[in-house]
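Chains as they are written, first to last, in the numbering used here: chain A, 1 to 413; chain B, 1001 to 1413.
Treat each hint with caution, since some may be false.
[Stated by the list, open to error] Restricting the straight-line Cα-Cα distance to at most 20 Å, the calculated cross-link-like pairs of lysine to aspartate or glutamate (EDC-like) are: (1) Lys1142/B to Glu141/A; (2) Lys1119/B to Asp140/A; (3) Lys1142/B to Asp123/A; (4) Lys1142/B to Asp117/A; (5) Lys142/A to Asp1123/B; (6) Lys1119/B to Glu141/A; (7) Lys142/A to Asp1117/B; (8) Lys119/A to Glu1141/B; (9) Lys1142/B to Asp140/A; (10) Lys142/A to Glu1141/B; (11) Lys1087/B to Glu56/A.
[As the list claims (entries may be wrong)] Computed Cβ-Cβ distance ranges for the label pairs, DEER-style: (12) Ser230/A to Arg1184/B: 58 to 64 Å; (13) Arg112/A to Pro1091/B: 22 to 28 Å; (14) Val185/A to Gly1045/B: 45 to 51 Å; (15) Arg1350/B to Ser106/A: 54 to 60 Å; (16) Glu1386/B to Asn109/A: 56 to 62 Å.
No lab work stands behind these hints: they were computed from the structure.
For every residue, glycine included, the Cβ atom is placed at its ideal position computed from N, Cα and C.
Here is how the chains run, residue by residue.
There are 2 protein chains.
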Amino acid sequence: MTLIVQKFGGTSVGTLERIEAIADKLVAFQRRGDSLVAVVSAMSGETNRLLALAHEIHSQPNPRELDVLLSTGEQVTIALLSIAIEKRGIPARSYTGSQVYIRTDSAHNKARIQEIDAKRIHDDLRQGRIVVVAGFQGADEKGNITTLGRGGSDTTAVALTAALEAGECQIYTDVDGVYTTDPRVVPEARRLARLTYEEMLELASLGAKVLQIRAVEFASKHHVPLRVLSSFEKGEGTLITSEVEGMEEPLISGIAFNIDEAKLTILGVPDKPGVAYHILGPVADANIGVDMIIQNVGRDGTTDFTFTVHRNDYLKALEILRESASTLGAREVRGDDKIAKISVVGVGMRSHAGIASTMFHTLAQEGINIQTISTSEIKISVVIEEKYLELGVRALHSAFELEKAPSRISSSL
Amino acid sequence: MTLIVQKFGGTSVGTLERIEAIADKLVAFQRRGDSLVAVVSAMSGETNRLLALAHEIHSQPNPRELDVLLSTGEQVTIALLSIAIEKRGIPARSYTGSQVYIRTDSAHNKARIQEIDAKRIHDDLRQGRIVVVAGFQGADEKGNITTLGRGGSDTTAVALTAALEAGECQIYTDVDGVYTTDPRVVPEARRLARLTYEEMLELASLGAKVLQIRAVEFASKHHVPLRVLSSFEKGEGTLITSEVEGMEEPLISGIAFNIDEAKLTILGVPDKPGVAYHILGPVADANIGVDMIIQNVGRDGTTDFTFTVHRNDYLKALEILRESASTLGAREVRGDDKIAKISVVGVGMRSHAGIASTMFHTLAQEGINIQTISTSEIKISVVIEEKYLELGVRALHSAFELEKAPSRISSSL
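Okay, chain A solo, but in the shape it has when bound:
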């Protein structure tokens, strides 16, 4: 008998028909002999409906009260799903976050889970019940209702898997797994059977929005095996774990990309300690998030500094940078909001040389100029002109042969 935690997002529970379909699925697993804990989100649209009510009253509603309001969304789903399970002859029991002591800090609207008391759930499972838990919510030590912020249901599922010492955390979504790249850009894109947490983090943060970053971090920290599956289609999905022996280990797992960013460069800044802080400090103070940061070695006592921000913040960031430039005595400020970022991601590149050169060579062959380059241990990102995005992604997908299933490589780890 395996204990499995299954998480169903808002689309998966978006209608009563879908809730009934999930009840069917859970009951089938239970009849097969598994023990089941389901974590559910609010029915799709419900959170937005509640938010709109609050905003109609107040443009900045009290965060504590907003959590009281929003947490009703999942509470409706847990009750309906439990009713649907019981209709099928299997006992079920629903719990809100506070009822199973999902203890969080007091940061309303973006709380973090600190502790979960698994005893109550284990008692129910022993009695043959399917347990249905509200995702996205908990309570602080004074019993105030908190929410984890959007997408927090994934984190609830992972945290429950860890606390219950369950075998696997299955995240049901509207896609059937994680792909080598976006199939809308590269029709040959292939579903990955396995992936490491690190790769998933790089792919998620770069735009393949399948899982919440915080949930993957949490899973990595607590060694919780995560599986991404489709709510609507059959299949094995993508299993995300630590790097383990015998695992298929391709050089490159996938290619992520986005066109949400804009690039800003300050040229000819006097090259002395603290320059990065003086450039990025005012940007951070204006609440503008920065993604890539690139600074090359200086020349003639000056240096050039480039960073990317979300396109929505581009004009504001440009203005701030121009002020900093005059303060710092920099030569020039340049900006470009017609850029695309492409990243190749894979733990394989740790031990295999030549990934970077293949990447750069491939782009060069297509006549695509690379504007900036930034690398991490398992990722190489380049910024190119926006119009070459699809051409670049397709060329790289083909160059790394991602359309082919990798042969297993026995690892000596």
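With chain A fixed as given, assemble chain B onto it according to the hints.
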């Protein structure tokens, strides 16, 4: 500084505009120097919407899960009202039933309040907050969410008033008080300034649906002064208390009536011990509620037995009674579902003779035949032909001079 508990029903919080209007009202009271606890229901229609969702899945949803579902209705209202209060510059804090430890038994969908821990609310009030509590709900000793059944918000308000030792429990409704009878039938009907718990119980149970019976019982038991007021109009409403010295004490407080009932009579039943049980036992077993029960003294070794049921249960009750009649060897069964019940209610009749004769004389003068009579200490009820209902109510209202404000009677209590 007075501590007041104010309860707002579903119609009073039915739209965001009405929620804002209640926030205005609460803030005005607070600025005047009162301490305030608001108890609110779900926005009108919401409970029915949630019930419909559950019933679409299952005709008999699990009662525990139904409570998880339905309790979200008030939770939405407490959050929205708190947000609206804070918008007006007064701090507010919302609580679900379980958060302020409204401890109930485990009878889901019809739980009874056992205990309330007032400490948390007192702490908030000391800090100048308006406290907003979800009506209708609580939690059992294991933390399972329970609901008190329809209208339970009144009971929550009364129980909180008792637990907090507040000065008054104000129930805001869509009427501006309790009337001597239904103003749609008797345009001269007058709002009562004061009323005793007992009178309110008789009037409420007989059809003047202003307050929940359980809430009035609870208020009576804990000596909580109850005031019924309009959410939409100004006015003093009706204050409901124990009978106290110096209180206005009319002979008759009001006239209640209904046409929801049907009458069944079994004639010529052998008059021996246990006969009432043998007649009503099978009716109760069929889950049919019985209102009036009338049995006169027997004659010739047999007796006649009459009772009333809800019209919806009439045919079923008739069938059961026919079976009982043949078992018991009774002579005949008669039924009539075209009846009306009129009751005159007043604590004054305890000490004043002649109320019954005035009532019967008045009806006789109008040519209205009385089919059955039943009395309690502060009430006389008669069953008449349905078509005479309005005529009877108007004649009695006039005969007891209910359109005139009573002169104060000094009591020697």
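Verification of the hints:
1. Lys1142/B to Glu141/A: holds, 18 Å
2. Lys1119/B to Asp140/A: With a Cα-Cα distance of about 18 Å, the restraint between lysine 1119/B and aspartate 140/A holds, given a limit of 20 Å.
3. Lys1142/B to Asp123/A: holds, 13 Å
4. Lys1142/B to Asp117/A: holds, 14 Å
5. Lys142/A to Asp1123/B: Holds, because 13 Å separates the two Cα atoms, which is no more than 20 Å.
6. Lys1119/B to Glu141/A: Answer holds: lysine 1119/B to glutamate 141/A is near 16 Å, not above 20 Å.
7. Lys142/A to Asp1117/B: The hint holds at about 14 Å.
8. Lys119/A to Glu1141/B: holds, 16 Å
9. Lys1142/B to Asp140/A: Holds. Lysine 1142/B to aspartate 140/A sits at ~19 Å (cutoff 20 Å).
10. Lys142/A to Glu1141/B: Distance of about 18 Å is within 20 Å: holds.
11. Lys1087/B to Glu56/A: holds, 11 Å
12. Ser230/A to Arg1184/B: 58 to 64 Å: holds, 59 Å
13. Arg112/A to Pro1091/B: 22 to 28 Å: holds, 26 Å
14. Val185/A to Gly1045/B: 45 to 51 Å: holds, 46 Å
15. Arg1350/B to Ser106/A: 54 to 60 Å: Since the Cβ atoms of arginine 1350/B and serine 106/A sit about 57 Å apart, the hinted range of 54 to 60 Å holds.
16. Glu1386/B to Asn109/A: 56 to 62 Å: holds, 59 Å
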